[in-house]
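Each protein sequence line maps, in turn, to chains A and B. Residue 64 in this note's numbering is what sits at position 50 of the first sequence, and the numbering runs on without skipping anything. Residue 193 in this note's numbering is what sits at position 179 of the second sequence, and the numbering runs on without skipping anything.
These are computed hints drawn from the structure, not numbers from a lab. Fair warning: there could be bad hints in the mix.
No copy is singled out in the list; a pair is fine if it fits within one copy or between any two copies.
[To be verified] In silico DSSO-like pairs for lysine-lysine, Cα to Cα no more than 30 Å straight-line:
(1) K120 <-> K192
(2) K104 <-> K30
(3) K111 <-> K27
(4) K22 <-> K330
(5) K51 <-> K330
(6) K330 <-> K136
(7) K111 <-> K30
(8) K22 <-> K380
(9) K504 <-> K330
(10) K51 <-> K213
(11) K461 <-> K51
(12) K380 <-> K330
(13) K136 <-> K86
There are 2 protein chains.
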Amino acid sequence: MLEHPSIKELLVKLGKKQAVGSVLSLLGWDEQVNLPKNSVVNRARQMATLSEIHNNLESDPVIESLLKDLEKDWEELSREEQTVVRHTRKDYDRATKLPSEYVAEKAMLDSQAYHAWLHARKNDDFASFAPFLEKQITLCKRGAAYLGQAENPYDYQIDLFDPGMTVEAIEGLFNQFKAELLPLAEFILNSSIKAQTDKFRGFPIEQQKAFLTEVTGILGFDYSRGRIDVAAHPFCSGNAADTRMTTRFNENVPLDSLFSSIHETGHGLYEQGLPADHLHNALGQAVGMAIHESQSRLWENQVSRSREFWQHFEPKYRETFSEQLAGLSSDGLYLAVNAVTLCPIRVDSDEVTYNLHIILRFELEKMLFAGELEVTDLPAAWNRLSQEIIGLTPPSDTEGVLQDVHWSGGMFGYFPSYCLGNMVAAQLWYRALEDMPDLPSDFAEGKFDRLLAWLRENIHQYGKQFDTQNLVEKVTGETINPDYLMRYLKDRYVPLYT
Amino acid sequence: MLEHPSIKELLVKLGKKQAVGSVLSLLGWDEQVNLPKNSVVNRARQMATLSEIHNNLESDPVIESLLKDLEKDWEELSREEQTVVRHTRKDYDRATKLPSEYVAEKAMLDSQAYHAWLHARKNDDFASFAPFLEKQITLCKRGAAYLGQAENPYDYQIDLFDPGMTVEAIEGLFNQFKAELLPLAEFILNSSIKAQTDKFRGFPIEQQKAFLTEVTGILGFDYSRGRIDVAAHPFCSGNAADTRMTTRFNENVPLDSLFSSIHETGHGLYEQGLPADHLHNALGQAVGMAIHESQSRLWENQVSRSREFWQHFEPKYRETFSEQLAGLSSDGLYLAVNAVTLCPIRVDSDEVTYNLHIILRFELEKMLFAGELEVTDLPAAWNRLSQEIIGLTPPSDTEGVLQDVHWSGGMFGYFPSYCLGNMVAAQLWYRALEDMPDLPSDFAEGKFDRLLAWLRENIHQYGKQFDTQNLVEKVTGETINPDYLMRYLKDRYVPLYT
């Protein structure tokens, strides 16, 4: 399938680029997990050198001439060859059409803006961060222009994270979804039924770790080619050959560690399911952030917050934490796992209100890129829209507009992926249930292999062969449709809170 | 001091090479400490790609032209500049005079021979390993020839590890030393006084770890720019900016973990004491293996097996392991720390008999390179010489000629460093005592900063400015002299075993 002589040569080039890229990823993991505090400057130097090498490999003119050979023979290429060529072209253009002064300026800004953000968040001082944020927007627009997208810089940003998605498409989905989500959230939050979470205190970390390692292994994470470690923030890095997840522990917030780990396991299962022989090319790489997030969310929410999941794991959980959970009924445990509470912080939010946090950010990004909102007016706009959409005004900018790191790195267009991922997760879930109506009964027996096999076959095996919308359509018969997420949230939460 | 325009350009080149080299070192550390078992092939691919990049940086023709510029102005160069140029020339010649086919052949053999050695050791089957060993010797000789040292291939190998050392010099030192060591070892081994080690059982690993972390921190290891983790074999890697040590734990061999950690701490203190601004050039790099080993041995033996050290740490040790050590007197504890027993395995040997293991290996390497011994006759020669020098015949080749990994990688000339390191450690120790006669009383108070400052000033600060013998002579007034090691061993062991 990959037989054109130029593609073979191209794959050798991509193999080296991927090896260096994967080492950079490992250096990032090590920085979060292991790095001694005074070794930070040394690590930055290592990463700068490797990034430069990576950029040189990525923009090697030999790639351009191989791509031209292949594009000339386009009609004769196999479908797989076309996938590799199409994505290599996209990456190559991004790597070469940005002038090196621009890349250097952006790298410098990313670093400065990150530290400015840390400082601003700590001191609740948005004004000191504003100039960096303005500069990031300017640079993003310039970046889009270099790639011929001067007219649609926010579309350009969105496509960086979710190939093929557009502002217009997301706007339609979010508006439709918001109209139904707001009343549902109101209903749940106004319910007199409240989850009781005061039992979740004093869970020894070693036991939490043992429990979640067992659970994630049973879900299907292959620990013979992956790990889970402790870091300040949960994440999943690496690839199918060596998948490195992290979580964090707090004796008094055990459900956070558990569900974060399961979330990262969803990412890890996707990575481990990608074709391992093609890690270095588009056939073995993830589609984008929304599909990635659909995998993490599906395992975290549809699977692991289900009754059936807890039917299986509750005895083991109670055995492990018998003293702490004494006096909490099974229904109480299940309700705690599905607690819904209003909270100004996105990452601490439940799966219902989380989506509101994303819609808020999307609205603001849209206005910023359309020139309808000045950066200096952003905090006021955040607070006003937060009240309108989420139903609360954050007590400070630190807990409001400054809470997330993304914008400091110019990662506009990333946030929508989180909500799109939730939508795709629900849509895949109902499609899987059509194929396997008795799937939840597997979970009650601690079996997850049928679901994993279904995801391997329908999502993982394709790598980047289909863009976000095309893949969703191929699997479910329609592009992303928020009705499934709404249906899922109602199915799960209305009975619980009625 | 580094002001010649060409040297500034050279330092930029060396900086990139060092950054990639340090990442390779981190990948090696991660492989030993973290790597999931089925991620090994991926790691090999990452390392192969980075090694190729490292080789390209090392043999960049621009380095040659910069070196020529600098060598032309040799007399005008500062002493520091000369050091950088001299060592860069040595590295550059080694990197470029070996044809790439040779380098590829050697890399392939290293990998194959390693696996052949693992297999042979497991199955006590030297014959299956012999062809690989022969090939390694052939390739080492060819390598020496490419560098113009066809006449003295073993000298060439020795110089790789200890700049300036020669077979002849080592032969003289070892013969002189052996003549006195044999009767001392015999005296100790025949003594009716025997260390009682049966109390050292059931030491919980968490407590061992806490104790040794505290001890190594007090010795001076800076954990804000270094770590200690668990690996199958203790080692120290990294550099002053990020020093990564490992140890291993066994509940029933706690002294092994403790002294291995202190040994690696000695290496780590040397790395952390090298001029941090010069990590990428000879001014900030270790002289060689013998000097490195002198640092690890001095902290392990002269310092941490001393009465005074235990005067300070015994109470804490007993508090941590009170049950286990009940009934063991202070003298008994001190004797256990200085136990001497005959053992076929080098790495399990005490500091007295360890030297005999090294002399054995040196004798054999010398004969192999002189063509006086065939590889097929090596096991018989090992066993015969082992009986003669160490006083025992190993029960199998697995515990004899196959016990060490070094030869499988063609690392002939490395072993002598261990014994030379012991000699240098003792020589430095008595020199330090001349400057600070009351030094041991520091240890009794848990203070080690005077000794560390002395080593920083006399050894660490110089990087590679002096070769092994020159540095020893500069500090102690004479080149390596085995009398100091003999004096030290007698001072410590004769009273204990009389």
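So, going through the hints one by one against the coordinates:
no., hint, result
1, K120 <-> K192, "neither (35 Å within a copy, 64 Å between copies)"
2, K104 <-> K30, "both (18 Å within a copy, 29 Å between copies)"
3, K111 <-> K27, "both (19 Å within a copy, 27 Å between copies)"
4, K22 <-> K330, "neither (51 Å within a copy, 64 Å between copies)"
5, K51 <-> K330, "between (38 Å within a copy, 28 Å between copies)"
6, K330 <-> K136, "neither (40 Å within a copy, 41 Å between copies)"
7, K111 <-> K30, "both (21 Å within a copy, 25 Å between copies)"
8, K22 <-> K380, "neither (42 Å within a copy, 48 Å between copies)"
9, K504 <-> K330, "within (29 Å within a copy, 61 Å between copies)"
10, K51 <-> K213, "neither (35 Å within a copy, 38 Å between copies)"
11, K461 <-> K51, "between (42 Å within a copy, 25 Å between copies)"
12, K380 <-> K330, "neither (47 Å within a copy, 63 Å between copies)"
13, K136 <-> K86, "neither (55 Å within a copy, 56 Å between copies)"
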